[in-house]
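Chemist: Fit chain G to the given chain P structure using the hints.
Just so you know, the protein sequences line up as chains P and G, in that order.
Counting in my numbering, the first sequence runs from 1 upward without gaps.
Counting in my numbering, the second sequence runs from 1 upward without gaps.
Because the hints were derived from the structure by calculation, they are not lab data.
Straight-line alpha carbon distances no greater than 30 Å define the calculated DSBU-like cross-link-like pairs of lysine-lysine that follow:
id, chain 1, residue 1, chain 2, residue 2
1, G, Lys145, G, Lys22
2, P, Lys372, P, Lys307
3, G, Lys430, P, Lys22
4, G, Lys430, P, Lys27
5, G, Lys430, G, Lys22
6, P, Lys525, P, Lys372
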Amino acid sequence: MQGLVEILVLPLLGAATITAFKGLMPKRLPGIWASLLVAVSFILSIFQDRRVSQLAGSHHVITGVLWNWATGFGPAIHFRLYLDPLSAVWLLIITGVGALIHIYSIGYMHDDAGEPRFFAYLNFFIFSMLLLVLAGNLVVLLIGWALVGLASYFLIGFWYDRPTAVAAAKKAFVMNTLGDVGILLGLALLYIHYHGVGYQHLFAIFTHAKPGSAFFEWTALLLYIGAMAKSAQFPLHMWLADAMEGPTPVSALIHAATMVTAGVYLMARLYPLLRLAPVTHELIGVIGAFTAIFAASIAFFQQDIKKVLAYSTLSQLGYMFLGIGVSAYTASVFHFMTHAFFKATLFLAAGSVIHGLAGEQDLGQMGGLWKKMPWTMGSFLVATLAISGIPPFSGYFSKEAILGQAFNSGHYILWAIGVFTAGMTAFYMFRLFFLTFTGKPRNEHLHEHAHEAPLVMTIPVVILGVLSLIGGAFGGWLNRWLSPAFHQYAGGSAAALESGPLFGTILTVGLAVVAFLVAYWLYVKRDTAPKAGTDKAPGVWMLKAWGMDSAWMTVVVNPLKMLGTALLTVERGILAGVVGIASGVQAWASDLAPIQTGYVRRYALSIMVGVVALLAYYLIRIGFIS
Amino acid sequence: MFLVWLMAVPLAGAIATLIAPKEVSKAIAAITSLVGLVGYAGLLFISRAGIDWAWIPQWGIRFHLVSDGLSLFLLGLSAVLFVVAVFASDAHAGRAYYFWLLVLSFSVVGLFAAVDLFVFYVFWEVLLIPVFFLLTGWSGERGKKAAMKWLIMNLVGSFFMLVGVVALAVIHNQNGGGLTFEISQLSGMSMSAGVASWLFFAFLVAFAIKAPLWPLHGWMPDAYGESPAPVTAIISGVLSKAGIYGILRVMIPIFMPQFREYQTLLLIVATAGLVYGALMALRQQDMKMVTAYGSLSHMAMMALGIFSLTSVGLLGTTFYMVAHGLMVGGLFLVLGMLENRTGTRTIQDMAGLNRSAPRLAAYFLFFVLGTLGLPGLPGFAGEYMIIQGLIASHVVFAVIAGFILIVAAWYMLRVFQAVMQGPARTTAIKDLWSRQVAWLVPLAGLVILIGIWPAGITAHAVPSLYHAMHFALGKGGVH
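Same shape as in the complex, but just chain G:
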């Protein structure tokens, strides 16, 4: 029941924004997201909550939601980032903005908690709509183009996934197991190798587009570039994780033999994305694009953790999703503040802003260091586990990943230094307002906590991971 409340709160908030005068839209969204965060804190104590209703019995569809170790911390990530995003949003963004933000928050909870494949797919589709409107409504013509690209590419992915979802259930039925969409039922079922491979790639394409993973990132530059900072933070921090999470939640239990078969290919493509994103980030002149392509590289790192097919690699990805979400979300919000103050995103147009805005510079540097994987901050723990997994499976990819960590330090510091340091060329800007500090401090504190105590997450995530993998492997198959 707890999960229902977590979903009902943003939905109620969304409806409230429609009814209430538009001056209080932000206040409603703020209260709603804070209530959601408190509710999430309660969930941490219950740890394993769930609901399981028969939804469309004749098709075997059950409204089955669970918060286990896999989803628990992603739910937390989105609870935290939605609070931060609302607080960072423009008070005059309007009724529709907050409405769609809350609808998005609702669908994200459903997506992360669903363990029935059909319900998962429904939320996957629902999620496209609020993002489409959040992209289209706030940046003029370019925003419309970005929204269109997002919608088209993700619809293509969704249709692939729909095929996969239906096919899996039908095959399960044909095998005599009855009609069901329950992931745990579908895992480990027998399929002919050819069919399984087709379905495997159908799901993979859908998830890779959402993440995005190279080379399916065509929508990313425009969407990240044209959305307002809080929306960018949500897309890069939370929604990108939906793609990786889907691979973990849906594909690992069902398609383990295909993962093994195509492992080398998958590792090569993910590594290509890792290198590609980093080198692109190195040459971008737009600070948001540096972060966007850096993030593309980091998404590939998460994929590598999964494709290592080791328990430590999978655990590393689970952890890294949360860590990266908090840090890249924070980074995009800081970049948004910078853009608001300077009116530009081009790094050559800025220099030496540290002198007039030392606190802004400090938080900027903090999230930069987090994203580049400074040991002591959480990105490092995730990368450590992923690289350990890669060493255990294919050491050459671990070496390349290690090399990319160096490039990451290079491109992240490049953008920080170009904007903040050197002789001041631009006019002075205002430093952070105290209400901005008020939400940056807890966010930074949370990042530090996870960084020095990764076990707080890994210890909880492990049972669910083993659960998911044992469905696929039988006993003793994990190394």
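Chain P with its partners taken away, still in its complex shape:
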């Protein structure tokens, strides 16, 4: 227990001290201090994870109650912390990748006036995310869940002078509130039926329950809505693309590696519930697969380096949910881990490119950067190979694990979508790579001044690049590590990693290689312009993300605004009418009682008369005056 509290409190301490003393801190100190605290949290996390694995018996859990959160309407809801092998994986990634991104940010943010504020927010995010994964019940989880949303709101809107950033922050917050409400309703339902919201309490009950009742379907669906919003599953995905308004390290940490995978965590955590809700469970896989291919199609022709990566994140999250949907829990966690490595690499390398080009994000202004920034290019290439699923890079193993299990469990359509999406991924990622780093520079002036990032940025990128290369090797370890967590309760029997059919692997890798060749032919051999293919259907729709934003505006946002305006008009009308009547009465009263002056007495008098009449009526009715 003690160890967990310290892991949590250190980043919170960082956020508090930086906020309180930022005026006194010399330049760079906030960044160093924040990074140091997260690094210490990482080391403590390793110790705690070792403790968990060394626990005797089959239940590898450290848990304890800090205080009672609420009491009085049934069994108390505790403020409970909980560490098991599943949360341990997230713990390591959050603090480990988090520390690297903190260090990178020291370089990235060094000339921004809001640097201390940035690190305070970043530390606050780490605290919230740790609270989310260390929660021992759904209420504490929801608190962490909302606080990461708040941290995300802070950081998307970090440059609050920009109207686009401010709007994006609000959109992210409101859409995530929708998810919060889903979880709120789901957990309230669980409390009402089972008098508790603790994981151990609920899962012990679930293990003995029969699947298929409407209650379980509704509960699982509501909790899944929370996961959908946080992990940007279709149709709650639009906020994530807009979230790229935040500084790039934020996109890497929050909107790629950690926070957006909270939904995957929640669903993997709730595997005993998913067993009981087969329809919702199936739906998770279907929406996951759809999100994967839908987002990949949008990423095809994007012009902004970060937008491509944002939609690829959506697509990869779709894979993770596909894995959840086919009960491939370990494979989903595995893909979360490799994705954290390669997507953090991609974003940070993209950040180095943007940094080197003085803030330029448009692919039309890039090209030929490989000589100028070799380390960045190398890391980006490794991560591109990883996300494209080329063996032996990390993404290959985790994606194969998900697809193989989709096939083995008989989800052939989902499997086929996943395989096809893998090909699309390889195309748009290599398009991105080629347009950024190879060919002729499309903007000579920018290219002239481009430079490799300083070491404080390059070293974290290279470390993450190496992890993207070798991350696949962690699969066996992860399988053994998670096994006790997924065997503790009923529902995890298919959780372990499986390998799919050989022809599936050959097909997936073959498609990726073909896509690579097409991209090579188009963007290296023929030197096609980035904008090509986006002026007519379907390219123009793909570029515009299939018009989902305006659909939301038309169907939800504008009708609510119009209703509000209508009510406003009506109320003003009514109030004006009442005032009109009142002044009429007043005029009448002043005729009757010319001696009376002063508003109060006049009003009071007329009211008195009315009320005495009313009183008399009442008394007659209830039989006092007969």
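Modeler: Chain G alone, transformed into the frame defined by chain P:
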């Protein structure tokens, strides 16, 4: 006796402001409210204090005050908000302002602690007077209009209540129980269903006007708009709770059968208010009005908690009253500082103020997040309990309430972002002065404490709630 002291202190302070030179009026009010707060802290340790004097024996009226779990934290809320409001008030507001503020503080203590219905009614009426003068004296013609609306609507409500109070005592007497106004005596007494329904609605109208609950909120826009920020904070933070508290304290023990009979109707009307307030808040251009209509929506949320007729819903309302009072009070005070600095309340006239006033923006955002129900801050705990109660009774209202939480995030962030963020269009404003930070910090700290430890309140409120409900239900009736 402790409660007498709590009431005597503001009264003594009020008299002192009349005698002392007007330069020290604020100092007197500050000291008085601080002494009140310290006294309240003492009350927390005693927990259950009370006095019970025969006042007008021939009519069975007893001056009976109790601080139990229902009233204890509302007394605390008003003790805290009065301190904050005095500190936030203009030093040159004048003798009369502080006099009426202290009189108001006195009557609020009496109202929240009274368990004799007649005493409750007396304080209910007394309270109208200081608020009337606080509204009328400080905003010119418009303030006079606001005060008048407040007085007229609340007088109408009061008369309804008076009818109810007298009728209940008389019926109790006719039943052979003797003449008494003691709520615990009146609860569960037999009445013909028709009479009970009439009386039920008489009380409900009175309480709904004070809260206010839709559609009886006609006085609200002007009163919230035209009063100085500290007074708005007191009205929205403390006095609005008097209406909800009245439903809990007076109506639940006496009218449980009527609550059951009309439950669906009550839930529908409260839900209409919930939606109405939120949608209105979405389209307001005046930042004080956004908060006012948001608050109207939240009052409806409290009513829903009661109308769920579940123990968790009632507990949620009890908790949410305190939480909402602290947060909306803080929010109105912050808005007041903004208005003082910019000279406007229209959100289009402001933008990008965060750059010149980052600390003010931080506290603004803090109270915005609190009011929109961010998990981890206390609004969430209240809303959670209320929604759980609604699920247990009528799930459709829980879903609508959940939907409104999303709209709340939308309208609250809209006003914050419009004022504080975006490209700076207006001239720079001064950030918070350190003496303003000095009272904002403890207020924010208290909000956070309640947010992460709601049990500190819920555990104490529960025995009184069950007490009140068991009068009405007999045993086993609560689910």
